[in-house]
Each structure stands twice: as structure tokens, then as C-alpha cells.
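Starting from the two chains in their separate frames, assemble the complex, guided by the hints.
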Amino acid sequence: MMTDLILVLVVLTNLKLLGSSRLGSSIRVVAAQGVMLGLLPILVHVHELSLHFAALAAGTVALKGVVFPWLLFRALREAEVTREVEPYVGYITSILIGLAALATSFWLGGRLPVSTGEPASLLVPSALFSIFVGLFLIVARKRAVNQVLGFLVMENGIYTFGVGVVAELPFLVELGVLLDAFVAVFVMGIAIYHINREFDHIEVNRLDQLKG
Amino acid sequence: MNAFSFIPLLLALVLSPLMLGVINRTKAFFAGRHGQPLLQTYFDLFKLLQKGVIYSRTTTWIFRAGPMIGLAAILTAALLMPLGKCPALLAFPADFLLFAGLLGLMRFFTVVAALDTGSSFEGMGASREVFFSALTEPALFIALATLVRETGRLSLSTMFGQASNAHWLHSGPVLGLVVLALVIVLLAENSRIPVDDPNTHLELTMIHEVMVLDHSGPDFAFILYTSALKLWLLGALALGVALPFSSGNPWLNLAMALGGMFGLAVAIGVIESVMARLRLRVVPQLLIGAGAVATVALILTLK
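Those protein sequences? They're chains A and B, same order as listed. Take the first sequence: its position 1, counting from 1, is numbered 1 in my numbering, and each next residue is one higher. Counting the second sequence from 1 gives a position; my numbering is that position plus 1000.
Isolated chain B (complex conformation) (with noise of 0.2 angstroms):
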């Protein structure tokens, strides 16, 4: 371990917020606004930790709890993600299973929390957000198995050190079919578009966005700055497999890396300004035609 690993986790730590500025932004550009500031989510996650919270009397230790440990999962979580060539702090054989594990774990607690509040409201939002993440997960799994398979490699961080332009060369299909899996995963998890809408608070829509409302505060700043990171964090994964290409030069490399994070929020604000969101009844057809690309992608390694 070096000084040089942990820059991943504090680029995470740092510019996450700043992703979801430039999709914002993106999405301004594309509709004709001007828009808010790039820092925006900066500036609201200062303004929300200097309020106070205010918990309903229904709510038990659980309401409480969940933001707190879905933040700490995903910090730990963010000990595990490389970004491009530039390896994560920890790496070990089957990180990556710890890695969806966190991120369950994360969503568990968003669950638990909402269903807490005993709003039937957001008792609706979290049986469709587990729901659909019962349907991204095999996507991941099988587009991370598909993953190990190609480059023969357990972790993380060897697996994109690994993985090289000769990979796109040799086996092409294979790798923008785990792409483009994660791609829908990332849209998925993230309740962007074509699953979910972020700006829209129409009840009837929504699936991330309601299971937080009763959140106030430095809660609501936690869960925002938590979500926040999670699209970095499935970003920098569709990332890595995207681009495996190595300068030779570490900063280079980090400087491609960061260019690609900042490339991949742009597409996904141009994926949010030409698409509109489907209808909720063909979201899982979306999202097991995921796990469906990726099941060719790894049958196509097996063969």
C-alpha cells in the first residue's frame, strides 16, 4: 500500500457531488437553461447539515440508524472501488462480492428506515425499490462473474489493472456487452431515467425518492451524499471495463480516469435529455433484458 492508493478514495470522497452537478448541468444545456451551479450538491449538503432533524414519534432507533449505516456502507464500499488503472486502498480475492454486499446492505437499511416511518407511502416505494433491485443484482453478478472470466483475475483492482486495450481487441463483443449491462445497472441503482426519474416528485413515479422523504437534516444530507457516492462508485466500475487502456504514466492514467467519470456523467445527462422514462410496468422487462446481456457476454466467455 502506498500513498498513490488512496487517491481513488478521496477523489470519491471529493468530487462525487460533483458528478451529479455536471449531469444537472448536462440536462440544463439540453432543455435550453442555464441551470444551477455545478457545486450545487455541494451547497445543499452544507445547507442540510447545519438544520436540525425531526423525527415523527412512530419512528423508532431504526428511522434513526439507517442513513448512518447506509453512509458507512458506502464508504466501505469505497475502500474497495479502484478508479481506471489506479488501484483501490483494499483489494483482496472476491472484493467485489463485498462490494455488492455493502451496497445491499445500503439498501436494506434505506428499506427498513422507510418502511419505519409506517407511511404506506413509502412502504410503496420500498417494495418497488426491492423489487427492481432484486432484478439488478443478478445483472451485476453475472456481469462481474463474466468479468473474472476474462481477465482471470479475483479482485477488483487486479481485474481492471489487468484488463487492457487487447482485451477490446480480442474479445470486443464481450466487453461492451458487460458495458452496457452496467450501464443499465448504473441507470438502475441510481433511479435515473429510464427506471426512475431524480427530479420528479410525482407520487405515483417514484422509487428512491420516496422512501427518503420523511428524512430532514444532516439525515437527509448523509442519504444524498450517500447516493451521491454510489454513482461514482457504479460508475467508476462501467468505467473501468469501459476504458482499460494504460499510458504507462500513473497520473496520465488517473487524468483519463477522472476525463471518463466526467465523459460517463455527461452520457448519462444526454441518456436523461433523450429518453423518457418508462413506463413502470416495463421496467423489469429493462432490467432482465440486463441480466439477459449479460448472460450472452458470459456465455460467450465460456464457450
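Chain A extracted, bound-state conformation (with noise of 0.2 angstroms):
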């Protein structure tokens, strides 16, 4: 019932961020979005609760609602950028595409054959859909920022897909990907600035020439 109702909560933030016209409300999504993923484990696995669900909930929400944000919004003052999205796809026109994406995920979900548990029902369609919406992000939108928050996207929708498929991944792994993402976003960051300070934009529509 928790689970069902996090990765509910999960699909309404997704299709949040494809109608979501402000960097900075984004970025605050994607932070709720992270906190809410770190709290699956542990519902999920509640009745074998043990220190190491305890210690990768703690990492994720500690990286993912705080450390992730702070980088971004950071990025985003330096950088100074106006705050709005601006979409190749408009919002309307993307929150349909990703209702479509949503049946998809559920017709998909319904017939990979994957084992999960009884109470792990949504958490395939959920995941795939997750994924679907990373890739749009990143694909659909112009700012440098919006590429970061579709990659972070891209990324809760695996973990979320971890957390249902694989009952005990090795907490090295888990270790392992979380670093790869915060490494990612840190150097994401540090690319949007010097972006910012070479070409006075992030839009990386007009990037496709290198400055000589």
C-alpha cells in the first residue's frame, strides 16, 4: 500500500517535470522524486529490514534531496541563467506523449517476465516509465540544467527497477551507481558553468559548432 502509493507519487512527479515550465521547480521535484525512491527500500524489503536497506536509504536521500539540489541550484545561480525551460516539445503537447509513455509502461510491465514480489505490482511500469521520461527530458528540452535532471530521472527509474527485480543487489554495486551519479551531476555542473562562461548560454541546441 506504502509502495504503491510512493511510486504513484513517483508517476505524478514525472509528469510534473514534463509540465513544469521552471528550472527551479524542476530541480525541486527531481529532489522529492530522489527522497521518496530512498524510502522504497525499506518499505519494500520491511519485513527483513536490515542495516544495510537503513544505510542505503540513509545515502540516497542524503544525495539525492540534498547534495544533488544544492549542485544544481548552485550551477544554476552561476551560470545565471533565466529560469525558464525551454522546451522543443510544448508542455501540453509533453505531458501527452507521456501519458502514452504510462500505457505503454504499463502494457510493457505487464509482460516482461520479471519476478517480483506480490506487492511490487507497479514498481516494473513505474521504472520503465521513469526511464521514458529521463530520455524525453533530455532529449525535448534545450538547458543544459534540464539534460542533468533527465540523466537524475533516468536514474531513479533504474534504481527503482533495482529495488523491485533484484532482492539483494550487493551493497557495493548500490554504492558503486550512487557515486557514478553524484560524480556525473558534479561534473555536470562544472561543465553547465564553463559552458556558461565560454558561450554566455547553456542552450545546447546552439552548441553543435565549436568556437574556434
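Since the hints were made in silico from the structure, they are not lab data. Incorrect hints may have been included.
[What the hints assert, rightly or not] Computed beta-carbon distance windows for the label pairs:
1) B:L1252 - A:T93: 21 to 29 angstroms
2) A:I190 - B:R1033: 48 to 56 angstroms
3) B:R1281 - A:G110: 32 to 40 angstroms
4) A:I190 - B:S1120: 51 to 59 angstroms
5) B:L1097 - A:H194: 53 to 61 angstroms
6) B:L1010 - A:H45: 50 to 58 angstroms
7) A:D180 - B:V1274: 37 to 45 angstroms
[Said to hold, decoys possible] Example chain A residues on the side facing chain B (calculated, C-beta under 10 angstroms, incomplete):
8) L18
9) V89
10) Y91
[To be verified] Facing chain B, a subset of chain A residues (Cβ under 7 angstroms, in silico):
11) L5
12) V8
13) V11
14) L15
15) G19
16) I92
17) L99
18) A103
19) F106
20) L108
21) I138
22) E203
C-beta: ideal position from N, C-alpha, C; glycine also.
Next up, the structure:
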């Protein structure tokens, strides 16, 4: 029940990201999504709670809920960009595409032969949906900050998948994934700053030629 | 059919103007004012009914028929809407389609009457009304389809009779999403605050109010009463989903439903007090969002 609630909230935050026009609110939504997903392993494995899951949850919440938003807000502030998202695909179209993707994810999730436990019937579809939304945000938005957010949402999807499908993912592997995400966001934050300093903007559609 | 099933209809007819009064008092409380009397809408109706009517020479019979057809449509719709666990006077499979259709008929005649005045100003309001309702109707229908899937019943009365707290325990997210979508539909359809401000007479932002500017006297009383009933009926729809608890005693259920309705009125008043009206450009996004929320609920029930 609680897992379902969290997963439905994750689906709603994804839709909100598709319709959101502000970079700041997008960053906050991704942070909220990260916190909710951080709590997910505790709820899924509520009967076999161990230090392992507690540590993983604490690490995820701290990283995705505090460190990433802080880094991204800092990048936003230093790059001094306007706060509009600037989409290639309009917000309403994005939401409609998102709904189609959600339906596809549920259809696909029902057919994938992965063994999930009884309470996890929503896990696979919402994981697929997060991965799709992440990809879509990377492709359909101009701002470099949005690419980082799309990457994070995609990572959240893979993480959801991991929580549901693999009961006992080795602790080290999960830590490694978290560390990868951290490094990626860190590097992208610096990259955004440098792109901005070189080109006076962070719009990726204008980065198709090198500055001589 | 027993005498008991007249009760939702009677309560809707008698108490719907009071709901507007409760909303206004809540807003007044938040603004630190004393506010108008709770019964103000009844006074307004009474005053308007005693006045004469003025018809512009450019209007035709459509303008005169509009308010009456609107009232007739909403009264018919009131026959179909149960109040909490108390079933409606009429119930038959797929009656919610008729309910939505009657709301559409009412809107159509309001719009046509507004266009009939020949005023470009009212035409603008009519255009906005049609545009926004084209976006709320999918949300309403998808939410109703979700309820049909969820309860396995095909009429509003049996749907709400079937719904119980077990549904909240078993599929809480679905019901929560449906309630959210229905509340947004309720706010939009009744031109409440995030979409339209019922108090403002600022020309460029009005939607519903601008269409009825040329109606006067009893005609305007009809329109006022129609919109009060519409608020009551859509409120009852959202409430039936939000509070499906049954106590076993019909009178107690009825009291609970009435309490819920006025709680809903207070909630609308609070929403109107703490939120600003959205920019007109953003309103379609909100309404599409309501449709998206309802679609997520539908997908969850289909899985």
C-alpha cells in the first residue's frame, strides 16, 4: 500500500516534470522524487529490515534530496541563466506523450517476464516510465540543466527497477551506482558553468559548432 | 423508489444557494472581514425574481430561452445525482453520461444565449468557456470511467452505494487521484478561483460572468440558481468518491454527506483564499493536468 502510494507519486512527479516550465521547480521535484525513492527499499523490504537497507536509504536520501539539488541550484545561480525551461516539445504535448508512455509502460510491464513480489506490481511499469521520461527530458529540452535532471530521472527509474527486481543487490554495487550518479552530476554542474562562461548561455541546441 | 430517494433532490434544491454563502463566509473570514450573510444568495434570488426583465432589441428567442433551458437541464441532472450513500431519484445504467450531457446542454445554451446578444465581449467569454470545458470534459469522463472500472457498477447511485472504505484501503491512490481530478473539474466548471474569479468584474479575465452580463431580473435569478445547483451537483460527485464510508444508518449517512458538502464548501473557500487566480495561459495546463491525473488513475485500474 505505501509502496503503491510512493510509486504513484513518482509517476505524478514525472508528469509534473514534463509540464513544468521552471528550472527551479523542476530541480525541487526531482529532489522530492529522489527522497521518495530513497525510502522505497525500506518499504519494499519492510519484513527483512537490515542495516544494509537503512544505510542505502539514508545515503540515497542525503545524496538525491540534498546534495544534488544544492549542486544544481549552485550551477543555476553561477550560470545566471533565466529560469525558463525552453522546450523543443511544448508542455501540453509533453504531458500527452507522457501519458502515452505511461500506458505503454504498464502494457510492457505486464508482459515482461520479471519476477516481482506481490506488492511490487507497480514497480516495473513506473521504473520503465521514469526511464522514458528521463530520456524524453534529455531530448526535448534545450537547457543543459534539464539534461542533468533527465539523467537523474532516468537513474531513478533504473534504481526503482533494481529495488523491485533484484532482492539482494550487493551493497557495493548500489554504492557504486550512487557514486557514479554523484560524479556525473558534479561533472555536469562544472560543465554547465564552463559552457556558460564560454558561450554566455547553456542552450545545447547552439552547441553544434566549436568556438574557434 | 421510496420517499427516501427524494431527499438528495430536495436537499440540492433547498441547500445549494447556502453552499455559495458558506464559501463566501470562509473567504471573508480569511480576509478578516465579517462578510455577507450566509443566506445572501437566497436574498439575491428573491430580489431578482421580483424585478422586471429587459431584452435588447438585437436578441432573439434564443436569448430568452437560454436561462430556462439551462435551469431545466440542471434540474434534470439533479434527479440523477445521489448524495453520499443516499441513492438518487432516478438511476439506470450509464446515467452519468446523461448527467454530463445535461451539463453540456446547459453550457451550450448559456454560450448560445451569450452569442445571441451580438456583443463581442460576451463572445469572448463564450469562446473561453467552450475552450476550457472542452478540456475539463475529458477529465470528467476519464474520472467517471475509472469509477466504473473500480466499483464495477454502471450508474451513479449504485457506484456510490458500492464504494466503501475497503476501496480506500485497497486502492487508495486510484481514489485519491480521481478525487483530485474531480475537484479540479469542480473548480473549473464553476469558475472558482484558480481558473476564474467569481467576484471579479475585471473584463479581461472573466469567463462565466461575462457571458451572463446581459441577463436581468428573473432570467438572471435562473442563472444564479443554476450555477448554485451545478456547484452542488459536482460537489456531490466529488464527495461521493471522497467519503464512501457507510455507517449503516441512512440518516447518519445523510448527515455525514451534508457535513461533507459543507466541509467541501469550506475547502473551496480556503483554496480561493490562499491561491491566486492562474494566468489565462496556464489554465489549459491545469485542466490537461486534471485529465492526466484521471488518466493515471484509469491506467492504474486497468493494470
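*Which earlier hints turn out false for this structure, listed by number in ascending order?*
1, 9, 20, 21, 22
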